[in-house]
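If you're matching them up, the sequences are chains A, B and C in order.
Numbering-wise, my numbering comes out as the position in the first sequence, counting from 1, plus 996.
Numbering-wise, my numbering comes out as the position in the second sequence, counting from 1, plus 20.
Numbering-wise, my numbering comes out as the position in the third sequence, counting from 1, plus 1.
Hints are not guaranteed to be accurate.
What the hints assert, rightly or not - Per the computed footprint, the stretches of chain B lying under chain C, defined by three or more beta-carbons under 8 Å from a beta-carbon of chain C, are:
hint: 1; region: 45-56
hint: 2; region: 89-102
hint: 3; region: 132-141
hint: 4; region: 290-298
Simulated from the structure, these hints should not be mistaken for laboratory data.
Note that beta-carbon positions come from the ideal geometry of N, C-alpha and C, so glycine has one too.
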Amino acid sequence: MTSKISAQNVQVFYGDNHAIKDVNVEIADHEVTAFIGPSGCGKSTFLRTINRMNDTIDICRVTGDIRIDGEDIYDPKVDPVQLRAKVGMVFQKPNPFPKSIYDNVAYGPKIHGLAQDKAALDEIVENALRKAALWNEAKDRLDAPGTGLSGGQQQRLCIARAIATAPEVLLMDEPCSALDPIATAQVEELIDELRQSFSVVIVTHSMQQAARVSQKTAFFHLGNLVEFDDTDKIFTNPEDPRTESYISGRIG
Amino acid sequence: MTRSLLNVDARTAKRNASEKRFRGYGLAAIFVAVLALIMLMTSILTAGLSAFQQTYITIDVALPEDQLDKSGVRDPAAMAKVTTIRYAKVLKQALLAQLEAEGITTTLSDKDVAKILSKEAAATVRSRVLANPDLIGTTIRIELLASGRIDGFYKGRVTMASAALDGNTSPEALQLVEQLAERGWVETKFNWAFLTAPDASDQRPEAAGLGVAILGSLYMMFVVLFLALPIGVAASVYLEEFAPKNRWTDIIEVNIANLAAVPSIVYGILGLAIFINFAQLNQSSPLVGGLVLTLMTLPTIIISTRAALKSVPPSIRDAALGVGASKMQSVFHHVLPLAAPGILTGTIIGLAQALGETAPLLLIGMVAFVREYPAAYTSDAGLFGEASTALPVQVFNWTQRADPAFVERASGAIITLLVFLLFMNAIAIYLRRRFERRW
Amino acid sequence: MSLTLAIFVICTIAITGWVSALIRVRKLQHLQAARLAALPKQYAVNAVLSGFIPGISVILGSALALRFSGAAPSGFGAFCAVAVAALGTVVALARITPDFRARVHVESWIKTLLIIASSIAILTTVGIVLSMVFESVNFFQQYGWTGFFFSAEWSPNFRGNSALGILPLLWGTLYISFIALLFAVPVGLFAAIYLSEYASHRMRAWAKPVIEILAGVPTIVYGLFALITVGPLLRDYFAAPMGLGQSASSVMTAGLVMGIMLIPFVSSLSDDIINAVPQAMRDGSYGLGATQSETIRQVVLPAALPGIVGAILLAASRAIGETMIVVLGAGAAARLSLNPFEAMTTVTVKIVSQLTGDTDFAAPETLVAFALGLTLFVITLGLNVFALYIVRKYREQYE
Chain A
997 MTSKISAQNV QVFYGDNHAI KDVNVEIADH EVTAFIGPSG CGKSTFLRTI
1047 NRMNDTIDIC RVTGDIRIDG EDIYDPKVDP VQLRAKVGMV FQKPNPFPKS
1097 IYDNVAYGPK IHGLAQDKAA LDEIVENALR KAALWNEAKD RLDAPGTGLS
1147 GGQQQRLCIA RAIATAPEVL LMDEPCSALD PIATAQVEEL IDELRQSFSV
1197 VIVTHSMQQA ARVSQKTAFF HLGNLVEFDD TDKIFTNPED PRTESYISGR
1247 IG
Chain B
21 MTRSLLNVDA RTAKRNASEK RFRGYGLAAI FVAVLALIML MTSILTAGLS
71 AFQQTYITID VALPEDQLDK SGVRDPAAMA KVTTIRYAKV LKQALLAQLE
121 AEGITTTLSD KDVAKILSKE AAATVRSRVL ANPDLIGTTI RIELLASGRI
171 DGFYKGRVTM ASAALDGNTS PEALQLVEQL AERGWVETKF NWAFLTAPDA
221 SDQRPEAAGL GVAILGSLYM MFVVLFLALP IGVAASVYLE EFAPKNRWTD
271 IIEVNIANLA AVPSIVYGIL GLAIFINFAQ LNQSSPLVGG LVLTLMTLPT
321 IIISTRAALK SVPPSIRDAA LGVGASKMQS VFHHVLPLAA PGILTGTIIG
371 LAQALGETAP LLLIGMVAFV REYPAAYTSD AGLFGEASTA LPVQVFNWTQ
421 RADPAFVERA SGAIITLLVF LLFMNAIAIY LRRRFERRW
Chain C
2 MSLTLAIFVI CTIAITGWVS ALIRVRKLQH LQAARLAALP KQYAVNAVLS
52 GFIPGISVIL GSALALRFSG AAPSGFGAFC AVAVAALGTV VALARITPDF
102 RARVHVESWI KTLLIIASSI AILTTVGIVL SMVFESVNFF QQYGWTGFFF
152 SAEWSPNFRG NSALGILPLL WGTLYISFIA LLFAVPVGLF AAIYLSEYAS
202 HRMRAWAKPV IEILAGVPTI VYGLFALITV GPLLRDYFAA PMGLGQSASS
252 VMTAGLVMGI MLIPFVSSLS DDIINAVPQA MRDGSYGLGA TQSETIRQVV
302 LPAALPGIVG AILLAASRAI GETMIVVLGA GAAARLSLNP FEAMTTVTVK
352 IVSQLTGDTD FAAPETLVAF ALGLTLFVIT LGLNVFALYI VRKYREQYE
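Assemble the whole structure, with the sequences as input and the hints as a guide.
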């Protein structure tokens, strides 16, 4: 199986701080890959290099080679705007725009010109909301502000918003950390379904969550990728002692 | 299957172009703002810098006793009765004599020759003589103001062509002065009198100075400083440290925010109605001006003082209370000293604002023509009660005069005002840099 | 005894109180070994304040009473003031005992002073309103309010028979403010956007202070700029060639210069407001592949809109109340016209012209200034209250 995302010798610096040290990872298509590790280990930072969100931070510098479908995304010819349309992102805290539910979802298709007319746009919005399992709750109040939804609904709205842009990869940065257990369960279920259409990379601080949703797991520690393997293997039979101590709760 | 990331598609190219345009608008906006500032400053500087230079003509003036002190006993009272008109005649004779001695001939009438000197010149000679009566009978060499047009000629404002159309001077007069200048009698030098002399009438822009205005502004700043600072600090301390959260303090808060945005001219109306018409304080006095400016500045000072008090962390208050200090002691011994730099900075900025304020002062009569230096205290007028004017009002006053030389004076006055403001703001910035503390 | 003299006497009493309090405390310390309940200084300050504050209050009260009753100063008030001050000091001195907690009393006096100081803000507002309302009532007794509010003619005449309609003045005010905002809002807003979203650290470090210099320049300077530079420039290069007028002072002159004055006002307020929009909102948009300008236009600005509207309203209130720029740049002719290159006049200009020079506080031509002032105050107050409300609501939303 060819990998969707391939990272070689990736280093990330924040000013003088060496945040990511020589990470190599291959992420497959139609799989959920989880990044776990103690806080500050660099898992979110690494996630943000995949769609070049780090570009928005002045002092951040990325070296190494990250390829999606074999194309170097840090090539000067690559427009980060196009890249981010292909690699969608869902953030830790639900951050709906101060617009209606409909406009939140339609925002991406509009700016990328995915819909020819209003009907096509309606269809994209409906599909995205359905995929995000929000359609039934939201279909009667598409004009209501997105900020008026509950936390879990807001996060699903943000997922719908990301799906609507028709990405190929979906990055999720601790998408459930601000949610209650019920909402978390809903989102996790959703992630499993999303695997049909995208390759999903999820950062999580919850090992149980990683075990539940992912096929592959990467363990980060102090900026190093310590271990990367099938999720089952990582949680039952880790090779590295650091992984083992983290899994068993001795560090982290 | 998917588009390559390495090729920018047409839509993205279009979006990037619009991104560039948007950025361009932002850059253009900053450019416009900076350009406006540059134009403003250039315009004022080019118009006003020459006010700090002044043209003088040196003349040997014979002071005949038979004209200036007929009695011959040097009685000051009698001598004071001789008016400037008499001195003007003496001066004209001296000027003609000087031209003759230098061998300069002119087609101008004697009266027009005398016009190259300022109307102020006779008064200058007179006051010199009255100060020292022994000069009578001698010949003194004295430096006198050239008239506004002659001065303008040396500053490029008046040309031969414009002089030909001008009722107040003529090309011949300019040539005459040029000849005097060749022989070293004319000099243009730094104009101290502009900063120290009082205002002068419409007819003699060359003599007009800022002395009274600077003094008046200074008095007002005293009043503002000594009223607004303590009241502002006291009010802020109460609101920030002691006030219970209730309707009354809410009303005060909203009130202060609104007072800061009330048009300044409204404060002028307040001053006119309350301080002058009701309390019957003296019109045009720095006291009333200072009171009006105090009320205007208070909101600014209160707002910045409260910000300074807020920035002192609660742990300091807790520490003081913890060793048994009362609330009042914790505030006055610990919080206020720590907030002092911030308070001072806010006060200086408030003062700078007050120094440049014009509109309210117009309404309380500070636009009057004042030639006497106001005293800080007199038994008749009380403290700061004598009529005065102020720097920005003097600027306004000069813009209303007909002679174009007053535009130069007004711009010069503005440069002076801006120098004061620059100085005050520099102190404020220094204080902020020097004492700023991050908790 | 005059009130001024009374002030001197009260000051003397205060100093005496200070000294004798210290002497008494010293004696107490010698006499009894007991610890005092307060520091010697606190006893002394209490003695001073107990006499000084009531004394000065009586002086202020009697000065006001004299002014209202119109009676000749009799010396009674001054006498009372001195008596009260002396009494207060004596009582404070008598209470100096080891158990007397002087600090508590000093602090309550000081608190009284603090409360008085903070009430001055209220008194100022009351003073503003009263001073204008009284004279406006006088005005409306002599001149009908319909004529004032609804007449399109303004031609004051000190011999009587003036037409004092506010409409042409309001028109000039609003027209000039409109042009000022038309210039200042885009420039200020774009400058703020560029500085907060695009500019490098170094550029921000110089551009922000440079723009803020514009805010520190007194309005008389802008007025002179309008008079000697902008006015002639607009006349010679725009108005005259286009056949729109021959006047250097015009709506355009005043509006443009006022616009320059408002740039830093709009930009610094917008800057605060744009910065208050959470970064998460921007990230959400970038994460979807939006460009920076799309993010600003479609996410940041809509989110900041209420705040920006508030800022614009505050700027409008500034423009409406601005005086010196219009006095020097707009002209004195009351006129209802659409041509921006014609001289027009404003409410503030007429307040100045009716209240300077020879004024007769019985004539409607003078009194009209107070009615104009009241109208101006009400309009700006309305704008300010509304704008401050919006801005405050907006801040709360993201706190």
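Enumerated hints in conflict with the structure, sorted upward: The structure conflicts with hints 2, 3, although it agrees with all the remaining ones.
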